[in-house]
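Q: These are the residues of each chain, in order.
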Amino acid sequence: MALSHLAASASRSSSLLKPLSSALSLRRPISGDNSPLTVETSVPFTSHQCEAPSRSVETNPKELLTFFRDMALMRRMEIAADSLYKAKLIRGFCHLYDGQEAVAVGMEAAITKKDCIITAYRDHCTFVSRGGTLLEVFAELMGRQAGCSKGKGGSMHFYKKDSNFYGGHGIVGAQVPLGCGLAFAQKYSKDETVTFALYGDGAANQGQLFEALNISALWDLPAILVCENNHYGMGTAEWRAAKSPAYYKRGDYVPGLKVRISWFVETMVLLSCNLLVLELCETVDVVVLL
Amino acid sequence: MERDPRVCVMGEDVGHYGGSYKVTKGLATKFGDLRVLDTPIAENSFTGMGIGAAMTGLRPVVEGMNMGFLLLAFNQISNNCGMLHYTSGGQFTIPIVIRGPGGVGRQLGAEHSQRLESYFQSIPGIQMVACSTPYNAKGFMKAAIRSENPVILFEHVLLYNLKERIPDEDYICNLEEAEMVRPGEHVTILTYSRMRYHVMQAAKTLVNKGYDPEVIDIRSLKPFDLYTIGNSVKKTHRVLIVEECMRTGGIGASLIAAITENFNDYLDAPIMCLSSQDVPTPYAGTLEEWTVVQPAQIVAAVEQLCQ
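Chain order of the listed sequences is D and R. Per the UniProt record's numbering, the first sequence runs over residues 1 to 290. Per the UniProt record's numbering, the second sequence runs over residues 1 to 307.
In short, the hints are calculated from the structure, not lab data. Hints are not guaranteed to be accurate.
[Claimed, not checked] When the alpha-carbon atoms are kept at most 25 Å apart in a straight line, the in silico PhoX-like pairs for lysine-lysine are as follows: (1) R:K163 x R:K22; (2) R:K163 x D:K190; (3) D:K190 x D:K114; (4) R:K222 x R:K234; (5) R:K30 x D:K152; (6) R:K22 x R:K204.
A quick note: this is a predicted structure, and the numbers were derived from the prediction, not measured.
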């Protein structure tokens, strides 16, 4: 409903240009309710070498509705991108994030724009959660100058330097060493910020990931490696590609957390586990499985 | 490193060991472990980490213990180092310096005698420079660190022992400029890195035989300094390229194409290119000598060219 309001409004282009949060808060007075609410996650966490966060998460209706709106917007955006791709208005590759929106939104809820995020090519929604506008997304997907990379990058190369979103990488796994490099720079500059380096279950089998993990643990870097497990690496099912699907344990000496996601309430899960993770990050880096 | 706190060094054995060829000797004691980082043997990831750090504004100098090992980091160098500035629409610059010893040494074996400049030359977005003397090594290192572009600095294993008086003060060499080593009239000899010394040795013989070769150390491998090269071609009308790369797909091959495209009208003879043989470098000393261009071959080539 909120979205049909947005779509039908006369000032459509201007609302598309505004960042997500301000456009949404102007429309819905009901979501101003700040009263505290405690939600319990449906599935407990599994942890490796660390303590699992508690299942109860503190939140409020306004926050929950913001999450819902953000995720619904992302879902609609991805489905629209799918239609555009089928109409051959988006060419090349178009990797969609529908179904995984909770990860981006939940992660964003626990951090600030000073913390860095780097991901692979399934980056449309992560870009939006970092403050990107729909106009920039669609313009980039269609190769126009108004796109976030001026149309030169395409679907797999979305970046937003001012909110520390480092992309947007086509080669599977290559972003993980880059992410550890970002964490190194944060440690070097004594920023007290962290880096989330996201990768998929397919990339979890890449050697450079383990190399980067080793170096990060050795140098105590504030890096959090997040494996978004959608059970398929390119076209191959997880059970046919990975001997051990327990990605959260693959860090061995590095603490890991397994988080089950089922869209909505589990965003809360991410919120709470991210807070735990940020605490842990003071001394060591963490691998998280989703 | 003193001048800019953002400069850091990463590589295998660069810190406590002082560097496999002692290039980074003393730096770890002076600047500490966070600025001079000993990495595990994981070229792909530490090159990637260097690039990630450069994206945030740090200026890492990544050392490949031997340039050949950087083949393991080819993906990071090509896709991330070279292309990120473009694919992000200009948002990120990658002020990284990737350096290390390459080239044919003394019986180091095939895998440790690789010439990576020919493999990297096609990567869009990077700059490649080959130093050949202590003077230009210092100048290029400083210029490369200060440059906003990713620069690959090719050093040569056999040139580390050269001694030369160089100025103490701060100076830089222009990363895109070739060096006129010996002005001449009869033929332009283009070379770089270690082959410069073979060429100069051949030049002595040539002068005794009555020839006047103009020797240019091209130094900038990508982009070529076509201004200096062009002026020389217009003067002498004959070109000989002497390089240590393989003949197929080497720097010489690209240089021939560039000169022919731009200065064909000024040439009196087809360009000659002396390169290493297209074979893995043998271990046996005599065989290794035969795969690399020797001064005698250079003399013979000039004589043939000037007929």
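Q: Is the hinted pair R:K30 and D:K152 satisfied, with a Cα-Cα distance of at most 25 Å?
A: 43 Å, violated
Q: Please work out if R:K222 and R:K234 have their alpha carbons no farther apart than 25 Å.
A: Cα-Cα ~22 Å, so holds.
Q: R:K163 and D:K190: Cα distance at most 25 Å?
A: 40 Å, violated
Q: Within a Cα-Cα threshold of 25 Å, do D:K190 and D:K114 meet the stated pairing?
A: Within the cut-off at roughly 13 Å; holds.
Q: Between R:K163 and R:K22, does the CA-CA distance stay at or below 25 Å?
A: Roughly 14 Å separates the two Cα atoms, so the pair holds.
Q: Can you confirm whether the C-alpha distance between R:K22 and R:K204 stays at or below 25 Å?
A: Between R:K22 and R:K204 the Cα gap is close to 32 Å, so the pair fails against 25 Å, i.e. violated.
Hint violations for this structure: numbers 2, 5, 6, all remaining hints satisfied.
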